[in-house]
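Residue strings, one per chain:
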Amino acid sequence: AAGVIQSPRHLIKEKRETATLKCYPIPRHDTVYWYQQGPGQDPQFLISFYEKMQSDKGSIPDRFSAQQFSDYHSELNMSSLELGDSALYFCASSTRNNEQFFGPGTRLTVL
Amino acid sequence: RKEVEQDPGPFNVPEGATVAFNCTYSNSASQSFFWYRQDCRKEPKLLMSVYSSGNEDGRFTAQLNRASQYISLLIRDSKLSDSATYLCVAHLINYGGATNKLIFGTGTLLAVQP
Numbered sequence: 001a002a003g004v005i006q007s008p009r010h011l012i013k014e015k016r017e018t019a020t021l022k023c024y025p026i027p028r029h030d031t032v033y034w035y036q037q038g039p040g041q042d043p044q045f046l047i048s049f050y051e052k053m054q055s056d057k058g059s060i061p062d063r064f065s066a067q068q069f070s071d072y073h074s075e076l077n078m079s080s081l082e083l084g085d086s087a088l089y090f091c092a093s094s095t096r097n098n099e100q101f102f103g104p105g106t107r108l109t110v111l
Numbered sequence: 001r002k003e004v005e006q007d008p009g010p011f012n013v014p015e016g017a018t019v020a021f022n023c024t025y026s027n028s029a030s031q032s033f034f035w036y037r038q039d040c041r042k043e044p045k046l047l048m049s050v051y052s053s054g055n056e057d058g059r060f061t062a063q064l065n066r067a068s069q070y071i072s073l074l075i076r077d078s079k080l081s082d083s084a085t086y087l088c089v090a091h092l093i094n095y096g097g098a099t100n101k102l103i104f105g106t107g108t109l110l111a112v113q114p
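Going down the list, the protein sequences come from chains D and H. Be aware that the first sequence starts at 1, since it is given in my numbering, and climbs by one per residue. Be aware that the second sequence starts at 1, since it is given in my numbering, and climbs by one per residue.
I should point out that these hints are in silico values taken from the structure, not numbers from a laboratory. No experiment lies behind these values; they were computed from the predicted model shown. A couple of the hints might just be wrong.
What the hints assert, rightly or not - With a straight-line cut-off of 27 Å between C-alpha atoms, the simulated DSSO-like cross-links for lysine-lysine are:
hint, chain 1, residue 1, chain 2, residue 2
1, H, K2, D, K52
2, H, K45, H, K79
3, H, K79, D, K22
4, H, K79, D, K57
5, D, K15, H, K79
6, H, K42, D, K57
7, D, K15, D, K52
8, D, K13, H, K79
9, H, K42, H, K79
10, D, K57, H, K2
11, D, K52, H, K45
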């Protein structure tokens with residue numbers, strides 16, 4: 001069965017650079033979620049989209065923005081990167097209000 | 001205080017043992033609950049949903065007590081392949097659409113020994 005696809009899988013950036021993470025949800029899933037997991041931490045909710053509209057917002061810094069496109073894929077844009085942004089970034093997808101399935105994650109390292 | 005709390009472990013058990021994980025949640029608005037399993041550096045994978053009536057899937061049994069705001073996971077006949085971090089998760093959702101997110105516990109590490 002098709003799963004959530006994330007790209008890139010690994011990303012290395014310098015401080016103050018920008019990064020764009022991409023997520024392709026499971027076919028026919030209309031809701032996309034972004035989570036950040038720091039080393040030794042549990043995943044923290046950042047933001048979600050339903051039918052291309054922002055649905056909910058968590059602890060997402062103002063330096064980050066995201067959107068969902070007409071084909072339901074989503075992008076997380078991160079600017080002015082800081083060392084503390086180094087983490088695993090997971091995208092998950094679901095049909096409305098149902099179980100969320102996670103992608104393999106993007107490991108971001110900020111040097 | 002975290003919204004979802006778990007004993008972080010580690011739980012070191014021999015193969016074949018029965019092990020139980022407990023979890024409490026503080027937000028009574030939580031609509032549904034799940035157990036996810038996470039292997040090191042991998043994505044969380046849905047293990048099972050948790051219902052008030054209790055549900056069983058093979059060697060795994062989950063139970064929800066809304067009155068006590070308590071969730072449990074029982075693993076019988078532990079296998080080496082069960083070694084992972086088990087995440088207790090609450091789904092906060094407002095059917096008007098303003099809220100829809102998962103709140104994770106810190107996870108309980110299980111190590112099954114040969």
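Here is how each hint holds up against the structure:
no. : hint          : verdict
1   : H/K2 x D/K52  : 30 Å, violated
2   : H/K45 x H/K79 : 17 Å, holds
3   : H/K79 x D/K22 : 36 Å, violated
4   : H/K79 x D/K57 : 39 Å, violated
5   : D/K15 x H/K79 : 43 Å, violated
6   : H/K42 x D/K57 : 24 Å, holds
7   : D/K15 x D/K52 : 30 Å, violated
8   : D/K13 x H/K79 : 40 Å, violated
9   : H/K42 x H/K79 : 19 Å, holds
10  : D/K57 x H/K2  : 18 Å, holds
11  : D/K52 x H/K45 : 25 Å, holds
Violation of the numbered hints given earlier is confined to hints 1, 3, 4, 5, 7 and 8; the remaining hints are satisfied by the structure.
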